[in-house]
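Undergrad: Chains as they are written, first to last, in the UniProt record's numbering: chain C, 1 to 293; chain U, 1 to 451.
Calculated lysine-lysine pairs in the BS3-like style (CA-CA distance at most 30 Å, straight line):
1) Lys194/U <-> Lys268/U
2) Lys437/U <-> Lys451/U
3) Lys68/C <-> Lys268/U
4) Lys68/C <-> Lys436/U
5) Lys68/C <-> Lys246/U
6) Lys103/U <-> Lys88/U
7) Lys247/U <-> Lys68/C
8) Lys382/U <-> Lys305/U
9) Lys103/U <-> Lys227/C
10) Lys68/C <-> Lys437/U
11) Lys246/U <-> Lys111/U
12) Lys194/U <-> Lys306/U
13) Lys451/U <-> Lys247/U
14) Lys142/U <-> Lys351/U
15) Lys383/U <-> Lys351/U
16) Lys54/U <-> Lys336/U
17) Lys103/U <-> Lys351/U
18) Lys103/U <-> Lys68/C
19) Lys111/U <-> Lys54/U
20) Lys306/U <-> Lys211/U
21) Lys185/C <-> Lys97/C
Just so you know, these hints were derived from the structure itself, not from any lab. Bear in mind the structure is a predicted one, so any value in this text is a computation, not a measurement.
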Amino acid sequence: MSGNRWRTNGFAWLLLLPSLVILVMFTFYPIFLTLRLSLYQADLAVPEPIFTGLDNFRRLAADEVFWKVMSNNIWFALGTVPAGIALALLMAVSANKALRGKWLLRTAFFYPTLIPMIAVANIWLFIYTPEYGLFSRLLHAAGLSDLNWLGSPGLVQWAMIIMIIWKEAGYFMIFYLAGLQNIPKDLYEAAQMDGVGRVTVFRKITFPLLMPTTLFVSIVALTNAFKLVDHLMIMTRGGPNNASNLLLYYIYETAFSFWDQGMASALTVVMIGLLLLFAAFQFFGLDKRIHYN
Amino acid sequence: MRKWNTVMLTTVVGMSLLAGCGGNNGGTEGASGAADAGQTASDNKQTSAPDGKKTELTFYYPIAVGGPLTATIEAMTQEFEAAHPDIKVTPVYTGSYADTAVKTQAGVQAKQPPDVAVLQSTELFSLLDMNAIIPLDDFVQKEGGEQYLSDFYPAFLANSQTEGHTYSIPFQRSTIVLYYNKDMFKEAGLDPEKGPENWEQLQEYAVKLNKDGRFGLEIPVTGFAYWMMQTFALQNGDNLMTSDGKKVMFDTPENVEGLQYWVDLAAKYKAIPEGATDWSTVPSDFLEGKTAMMYHTTGNLTNVKKNATFDFGVSFLPAKKQYGSPTGGGNFYIFKDISAEKQQAAWEFVKFMTECERAAQWSIDTGYIAVRKSAYETDQMKKYAEEFPAALVARDQLQYAAAELSTHNNGKVMKILSDSIQAALTGDLTPTEALKKAQGEADQALASFNK
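Go ahead and model the full structure; you've got the sequences and the hints to work with.
TA: So this is what it looks like as structure tokens:
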């Protein structure tokens with residue numbers, strides 16, 4: 001290898017070094033520590049961690065709450081991801097089309113994204129309050145009886161899903177707006193010349209050409225569905241009886257309320273595994289089947 | 001802010017000069033406490049610490065009830081510094097009880113604990129298992145031992161002591177009381193001067209007070225279900241755990257009966273909301289007139305007093321076999337991995353913060369129960385209680401009170417019980433099934449502490 005090549009490579013590594021150091025320090029090293037700790041019993045019953053192999057995972061498999069949390073999370077993802085994406089697409093298309101008041105529409109669609117999750121949770125806590133919350137008033141006005149949205153196991157997940165869609169759709173809309181701007185205008189002009197209907201234009205031109213955006217957005221939405229936790233702190237603390245508990249909140253509880261660090265690490269390993277699975281699905285599964293221009 | 005603190009400081013110092021601690025059943029404590037608080041405070045106005053070397057303390061504290069209490073705490077701290085020029089205290093507001101526990105225990109694991117902290121009294125066994133706190137026996141001994149402790153209410157000390165040692169000093173303590181709307185009582189033809197006295201009456205009243213757009217009673221579920229369950233357990237028999245924190249008794253017939261009663265209030269009589277009611281919305285519902293009665297901590301008394309637009313009453317929780325309520329709230333703990341000098345300074349601080357007048361003032365500012373008997377003999381408290389007799393209800397109920405649920409692995413055990421209660425209240429399990437399940441899971445969670 002020539003000295004020149006070394007110099008170029010060395011320069012590249014040097015430029016990457018700051019990011020690499022930070023990445024190793026705050027991502028890879030903690031992941032490694034977590035992996036190790038997941039093989040130990042490290043809770044209040046022992047003064048020093050004891051190596052127990054896969055025991056934490058075995059206990060996890062027998063843990064009713066863990067399975068409930070996992071199924072909650074899957075339903076939560078199924079509820080938020082497709083609906084959030086569909087709504088974002090709809091909003092992007094209408095915000096792109098509208099001539100007058102475009103800015104107003106875009107602002108209105110986008111503003112939930114700007115509010116911190118904690119504030120969103122507090123606003124919706126009020127909306128969902130029985131008796132005098134906004135939803136209750138609407139139900140009363142329509143002559144229907146009141147619902148305890150956050151206090152009923154059958155409703156609480158729906159309440160969360162609706163809120164998250166509201167919060168996230170505006171964010172995804174931004175990507176779709178960018179995607180829409182990238183589609184060449186001449187395609188639409190050609191379609192117009194041929195007298196193609198609007199539905200067909202959307203189906204055959206707009207939607208396929210937005211596929212890279214859709215893929216990106218769906219991955220972000222899916223990982224978000226497993227990463228959200230803030231709203232649970234404010235609104236339900238995972239209750240009633242774990243009906244709204246999600247994986248990350250359960251990790252938090254296990255680590256900082258039960259002080260069972262071994263088990264919390266095991267749960268984290270499960271979560272990292274899941275997120276890696278999604279990433280792999282994106283790279284090896286979907287990516288090849290999408291048309292990029 | 002600064003100015004306000006100075007005003008506050010001068011007033012309190014002035015007051016401690018004027019009013020001595022009455023009662024004086026601790027013998028030494030009352031009189032000397034007042035005397036040296038006043039004396040040292042005025043001495044130190046001119047002089048500062050001689051060699052300029054100060055012991056620095058970090059003090060973590062949570063706030064769990066409404067009101068601008070950070071200002072109160074900071075003023076109390078400044079007052080302490082004025083009286084002890086060689087000690088500097090940095091108060092750090094650390095959020096809710098749960099947040100404070102997380103910050104403290106994270107600090108303990110990183111070998112950087114606070115020097116002194118107010119944490120929930122129920123954290124005792126977790127802190128012991130983490131080897132984080134010191135017993136206070138030696139300090140207490142120097143203050144007069146049993147005599148010093150005897151000024152604190154025994155129901156509060158129950159969560160401070162285990163196996164013959166005292167590990168914490170009560171500070172912001174509470175019991176659950178029944179708040180009721182007197183106007184609504186009149187309207188429903190009930191005696192507005194008396195709350196319901198027993199379970200049958202409570203149910204009868206709740207049904208009578210219940211009408212469209214308003215509940216007869218609300219009992220918070222989210223957050224503190226286990227605490228509310230303890231009221232029914234204590235009224236119908238016994239506490240939920242042993243005092244060494246190693247065993248729980250969840251599925252006794254008495255407790256099943258208690259939970260059944262609670263479930264029936266919602267499912268059968270429709271007098272309380274079905275499903276889970278949130279801890280923090282219950283007081284708002286009461287203030288908004290959406291519920292005629294509520295079970296809530298006495299720590300909210302001052303908040304309710306300030307914000308109620310109607311005449312309200314406070315009474316004991318209704319009895320079954322007897323009256324009963326668990327205590328709640330936070331205690332002072334002193335940490336282990338700090339120098340002996342700091343521990344001594346921390347003890348001075350703890351002692352100062354729980355002296356009778358400050359306990360009285362703290363109670364007046366918040367609604368928490370003053371932790372010492374002598375605080376109720378101070379002039380300020382006597383005057384306050386005369387204007388506002390409701391301030392004494394929780395104190396009077398203390399003779400029927402018992403320790404809050406506190407065990408080894410407490411976070412887990414509390415959650416197990418709270419989840420099961422929620423399952424019963426939302427109709428997923430019957431009370432018998434729910435408590436049986438909770439017992440099984442809690443036994444498992446405690447198994448490694450019973451070897």
